[in-house]
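Visitor: Please model the entire structure based on the sequences and the hints provided.
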Amino acid sequence: MKAIILFSLLFSFGAQANAEKDSLIDFSSIRDVLKKDHLESEVAKKVETAQKQKTLARNSEKAKFNIPEAPEFWPFMSELWLVKNATLLKWDFQKPDYGLSEAIGEFFERMGLFEKRFKLLLLNSPNICHAILPSMENEFIIILSVPFIRTLDLSKPEIALLVFEDYIRLRQGHFINFVKDSEVEGFIGKNFDGKAIPTSVTKKVLAKYDELLYDKGFSFQQQFEVTNEVNQYLKNDLSLWNLYLKMLEKLDGLVKTNMLYQNYVKIYPSPEMQMGWIKPKKEL
Amino acid sequence: MESLNKVLFIFVISIRLFAIDSAVSDEDLQKTFREFETAKKTVEAVYYFRGSFGHLHQNPSRSSMTLTTIACNHPVKILKVAGAQKKQENLLVNKEWYFVRVANYDGYLHKDILSEKRVECFQDKYPRFFESLNLEVNDLFYWGKIHDHFITGRSKVK
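Going down the list, the protein sequences come from chains A and B. Note that the first sequence covers residues 67 to 350 in this note's numbering. Note that the second sequence covers residues 81 to 238 in this note's numbering.
Take these hints with a grain of salt, some might be off.
[Said to hold, decoys possible] When the alpha-carbon atoms are kept at most 20 Å apart in a straight line, the in silico SDA-like pairs for lysine to any residue are as follows:
{"hint": "1", "chain 1": "A", "residue 1": "K130", "chain 2": "A", "residue 2": "Y280"}
{"hint": "2", "chain 1": "B", "residue 1": "K238", "chain 2": "A", "residue 2": "E205"}
{"hint": "3", "chain 1": "A", "residue 1": "K312", "chain 2": "A", "residue 2": "Y327"}
{"hint": "4", "chain 1": "B", "residue 1": "K238", "chain 2": "A", "residue 2": "E175"}
{"hint": "5", "chain 1": "A", "residue 1": "K269", "chain 2": "B", "residue 2": "D219"}
{"hint": "6", "chain 1": "A", "residue 1": "K130", "chain 2": "A", "residue 2": "G260"}
{"hint": "7", "chain 1": "A", "residue 1": "K161", "chain 2": "B", "residue 2": "M145"}
{"hint": "8", "chain 1": "B", "residue 1": "K236", "chain 2": "A", "residue 2": "F173"}
{"hint": "9", "chain 1": "A", "residue 1": "K128", "chain 2": "B", "residue 2": "K205"}
{"hint": "10", "chain 1": "B", "residue 1": "K157", "chain 2": "B", "residue 2": "L171"}
{"hint": "11", "chain 1": "A", "residue 1": "K322", "chain 2": "A", "residue 2": "Y280"}
{"hint": "12", "chain 1": "A", "residue 1": "K150", "chain 2": "A", "residue 2": "E138"}
{"hint": "13", "chain 1": "A", "residue 1": "K270", "chain 2": "B", "residue 2": "N214"}
{"hint": "14", "chain 1": "B", "residue 1": "K175", "chain 2": "A", "residue 2": "A152"}
{"hint": "15", "chain 1": "B", "residue 1": "K236", "chain 2": "A", "residue 2": "K312"}
{"hint": "16", "chain 1": "A", "residue 1": "K118", "chain 2": "A", "residue 2": "A129"}
{"hint": "17", "chain 1": "A", "residue 1": "K128", "chain 2": "B", "residue 2": "S212"}
{"hint": "18", "chain 1": "B", "residue 1": "K225", "chain 2": "A", "residue 2": "L187"}
{"hint": "19", "chain 1": "B", "residue 1": "K157", "chain 2": "B", "residue 2": "L172"}
{"hint": "20", "chain 1": "B", "residue 1": "K238", "chain 2": "A", "residue 2": "S167"}
{"hint": "21", "chain 1": "A", "residue 1": "K182", "chain 2": "B", "residue 2": "V237"}
{"hint": "22", "chain 1": "A", "residue 1": "K261", "chain 2": "B", "residue 2": "D204"}
{"hint": "23", "chain 1": "B", "residue 1": "K225", "chain 2": "A", "residue 2": "R237"}
{"hint": "24", "chain 1": "A", "residue 1": "K156", "chain 2": "B", "residue 2": "N218"}
{"hint": "25", "chain 1": "A", "residue 1": "K150", "chain 2": "A", "residue 2": "P200"}
[As the list claims (entries may be wrong)] Take a look, some chain B residues computed to stay more than 12 Å from chain A by CB distance:
{"hint": "26", "residue": "A125"}
{"hint": "27", "residue": "S132"}
{"hint": "28", "residue": "T148"}
{"hint": "29", "residue": "H154"}
{"hint": "30", "residue": "P155"}
{"hint": "31", "residue": "K160"}
{"hint": "32", "residue": "K175"}
{"hint": "33", "residue": "E196"}
{"hint": "34", "residue": "K197"}
{"hint": "35", "residue": "P207"}
{"hint": "36", "residue": "F210"}
{"hint": "37", "residue": "R234"}
Since the hints were derived computationally from the structure, they do not count as laboratory data. Glycine included, C-beta positions come from ideal geometry on N, C-alpha and C.
Guide: Quick look at the structure:
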């Protein structure tokens, strides 16, 4: 009996020693085999893929905090301003098709300005008579007051001329230069990863739109530059040049006689001076 | 003088006939809407709304009543009305409007604001910036409306 117990004890010790030996297998001895199986390169690939996915997920999360770059920022802000001013500008009203988009498109073609896309929004309010808001490259948003057109009894070519003048104003950068200061410039295209996006900048941009279009308007110098450039374009077509002069006369008459449009000269100074700038100087 | 009278008579008659014709056309249009409401409709395709926000209209007109408001990339079922091939040329009503189903509403959306494929939406591309604007329901309503009121155009190379 004693012999049996002794034997079984010896056997169990032997088995334990074997198990310990098994758990300490030296993999270095089979490294060459593993290399031949491409298991190591497979592991490296999987690690790389996981790393890439992690980076992509991080970048995608970071991108959520992006502020749009200028080509997307300005059309968005212009639309937002129109939405916020819907009740003041009264653009949500039923109107007939005046055929203005064709007239404006044809006028730009006549001026040699091709592939310019525009969105026209008619207003049922005299609060703003006409303006062009910045949008994408080669695209702009026109706002035009129907009461203003009716009061002045403007024809389609005259309306197209007004729009053209606004387009030159936009192209010379007077609108964006007024709205964009260093803070706004730093905001556009920036990333606010992990931080709260400041609301003050967008509010400021909208306030600048208000200030420019309702109150402050453009300076005499800016208006002089715009009128000069328009004049240069129109000199090539005397019928249009005469039409421009006539339209300025109409505008001058309106701002001097109609109380409702007296604010017009604050925004676009001044039709009378514009006429003086474009009329040929009399020789002594 | 007699010939002038004749011309005037013909002019008046032609205006009256034109008026009757227009009245019939309007009535026809109304009949079409009624037919569309009651007829059997099949889903022909699924398009996606590509504006920021938009309105589903009761009739094929920009000033028509709003049935519901939809946001960018909202899937829209394009409906074909049984027996209306002539009135619904290439699935378009009045050559400009799709008759569509959005949730439980059947209405009209302009062809210019629908896309056959999903589009990249501003609010998805810049979600945190969009959220920071804290837009109110009123703003979203007008944002939908503005696309109905924009008259688009461009100067072309000839």
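Visitor: Does the claim that T148 (chain B) lies off the interface hold, with its Cβ farther than 12 Å from every Cβ of chain A?
Guide: Given a closest Cβ separation of 17 Å, the condition holds.
Visitor: Just to be careful, I want the Cα atoms of K236 (chain B) and F173 (chain A) compared with a cutoff of 20 Å; is the pair within it?
Guide: Roughly 11 Å between the alpha carbons, so the hint for K236 (chain B) and F173 (chain A) holds.
Visitor: Beyond 12 Å from chain A, beta-carbon-wise, is E196 (chain B)?
Guide: holds, 21 Å
Visitor: Take the C-alpha atoms of K157 (chain B) and L171 (chain B), compute the straight-line distance between them, and say whether it is at most 20 Å.
Guide: holds, 12 Å
Visitor: Are the Cα positions of K128 (chain A) and S212 (chain B) separated by 20 Å at most?
Guide: holds, 16 Å
Visitor: Are the Cα atoms of K225 (chain B) and R237 (chain A) separated by 20 Å or less?
Guide: Between K225 (chain B) and R237 (chain A) the Cα gap is close to 28 Å, so the pair fails against 20 Å, i.e. violated.
Visitor: Would the hint linking K130 (chain A) and G260 (chain A) be met if the CA-CA limit is 20 Å?
Guide: Measuring from Cα to Cα gives roughly 10 Å; hence the hint holds.
Visitor: Run the distance test for K182 (chain A) versus V237 (chain B): straight-line Cα separation, threshold 20 Å.
Guide: holds, 10 Å
Visitor: Can we confirm that no CB of chain A comes within 12 Å of the CB of S132 (chain B)?
Guide: violated, 8 Å
Visitor: Straight-line Cα separation of K225 (chain B) and L187 (chain A) no greater than 20 Å?
Guide: holds, 11 Å
Visitor: Against the 20 Å threshold, does the CA-CA distance of K157 (chain B) and L172 (chain B) hold or violate the hint?
Guide: holds, 13 Å
Visitor: Decide if the proposed pair is consistent with the structure: K150 (chain A) and P200 (chain A), CA atoms, cutoff 20 Å inclusive.
Guide: Satisfied, since the Cα-Cα distance of roughly 16 Å is no more than 20 Å.
When the structure is compared with the earlier hints, violations turn up for hints 1, 14, 15, 23, 27, 35, 36, 37 and for no others.
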